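> Read in order, the letters of the sequence shown are residues 26 to 323 in our numbering.
No wet-lab data here; the hints were simulated from the structure.
Given the structure is predicted, the values throughout are model-derived calculations rather than measurements.
Careful: at least some of the hints might be erroneous.
[Unchecked claim] For each label pair, taking beta carbons as the anchor points, the in silico distance ranges come out as:
#	residue 1	residue 2	range
1	Ile56	Leu93	44 to 54 Å
2	Gly210	Gly169	42 to 52 Å
3	Thr142	Thr118	20 to 30 Å
4	Gly268	Ser92	22 to 32 Å
5	Ala285	Ala53	23 to 33 Å
6	Tyr234	Glu287	56 to 66 Å
7	Ala71	Asn255	25 to 35 Å
8	Gly237	Arg48	53 to 63 Å
9	Ala230	Ala67	49 to 59 Å
10	Gly51	Arg224	38 to 48 Å
11	Arg295	Arg238	21 to 31 Å
Note that the Cβ used here is the ideal one computed from N, Cα and C, for glycine as well.
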Amino acid sequence: MRGLDDRVRLFGELDGNLTHLERGAGVALHIDGDEVVITGQAQHVAIAAAALEALLKAARGGSDVNSLDVELALRAARDGVEADAPEGSLATTRRGRPIRARTPGQRALVEAVNNHTLVFAIGPAGTGKTFLAVVMALAALRAGRVHRIILSRPAVEAGEKLGFLPGDLQEKVDPYLRPLFDALGEVLETQAVTRAVERGQIEVAPLAYMRGRTLADSFIVLDEAQNTTNEQMKMFLTRIGAGSRMLVCGDITQIDLPAAVESGLVAAARMFERVEDTAVVQLGDADIVRHPLIRRII
26 MRGLDDRVRL
36 FGELDGNLTH
46 LERGAGVALH
56 IDGDEVVITG
66 QAQHVAIAAA
76 ALEALLKAAR
86 GGSDVNSLDV
96 ELALRAARDG
106 VEADAPEGSL
116 ATTRRGRPIR
126 ARTPGQRALV
136 EAVNNHTLVF
146 AIGPAGTGKT
156 FLAVVMALAA
166 LRAGRVHRII
176 LSRPAVEAGE
186 KLGFLPGDLQ
196 EKVDPYLRPL
206 FDALGEVLET
216 QAVTRAVERG
226 QIEVAPLAYM
236 RGRTLADSFI
246 VLDEAQNTTN
256 EQMKMFLTRI
266 GAGSRMLVCG
276 DITQIDLPAA
286 VESGLVAAAR
296 MFERVEDTAV
306 VQLGDADIVR
316 HPLIRRII
């Protein structure tokens, strides 16, 4: 380690990251000057060393390492996958923390979006599909590559029908769109989101509101796409206009459509898998970046 700043960023508060690394790898860590000495079974030591090297690289790059970073580094080390993220960040959170693609699947998704007009991102809960989609959309808007962001979701999921829910249409729709606003709120202050919506730079709307429109110079995101029918998916995909990019996200293990109805996401991903200027990115359990418990649940 090159100095006190590296140590503070790497070790965390009260050396909490080292404790997490010890428990996760099943080793003992000892600080000897500027070196970290690892003791334990050879295989465990190798895993801890690989994870520690990746975390140190992140700390030297200015990132404050946290427990999730440690968990991801350990997971990558166990799988024999390089754990460090690409240089540079997609954006920063409201608290100033850099946002980077953390896993191989997330990095593949970012690369696909940068190089294709239409991208399908398919993976289980916790893989960061929605969050990365919103972050990449905001990055494109800030860079002037698009003039607006359009975020959409099917308004019905988990067996609920709007006609049977209390309240007016806005009250019924808001809960379905709230995750998209939550993702925006991680990057922008509430007032900034409100201003962008009022100026028409950001639009968050149910899928049904896309019908009959041509969306040019836009970054268009469809979330929870597994709950679209084939007809709805076709309607959405044909909204894309000149200068736009489209990212379709979903989890095909959580389809809430009637059993006899094929998911539009499943059909579209199959159809577009080898079509020019499109990409299908599959994320898996190794890309889950929420609480480790989620990996056990799914």
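> Now look at each hint and say whether the structure bears it out.
Results of checking the hints against the structure:
1. Ile56 with Leu93: 44 to 54 Å: Once the Cβ atoms are compared, 23 Å apart, the range 44 to 54 Å for Leu93 and Ile56 is violated.
2. Gly210 with Gly169: 42 to 52 Å: At roughly 23 Å between Cβ atoms, Gly169 and Gly210 fall outside 42 to 52 Å, so the hint is violated.
3. Thr142 with Thr118: 20 to 30 Å: holds, 28 Å
4. Gly268 with Ser92: 22 to 32 Å: Cβ of Gly268 to Cβ of Ser92: about 41 Å, so the range 22 to 32 Å is violated.
5. Ala285 with Ala53: 23 to 33 Å: At roughly 57 Å between Cβ atoms, Ala53 and Ala285 fall outside 23 to 33 Å, so the hint is violated.
6. Tyr234 with Glu287: 56 to 66 Å: Distance hint for Tyr234, Glu287 is violated at roughly 23 Å.
7. Ala71 with Asn255: 25 to 35 Å: violated, 49 Å
8. Gly237 with Arg48: 53 to 63 Å: holds, 56 Å
9. Ala230 with Ala67: 49 to 59 Å: holds, 56 Å
10. Gly51 with Arg224: 38 to 48 Å: violated, 53 Å
11. Arg295 with Arg238: 21 to 31 Å: holds, 26 Å
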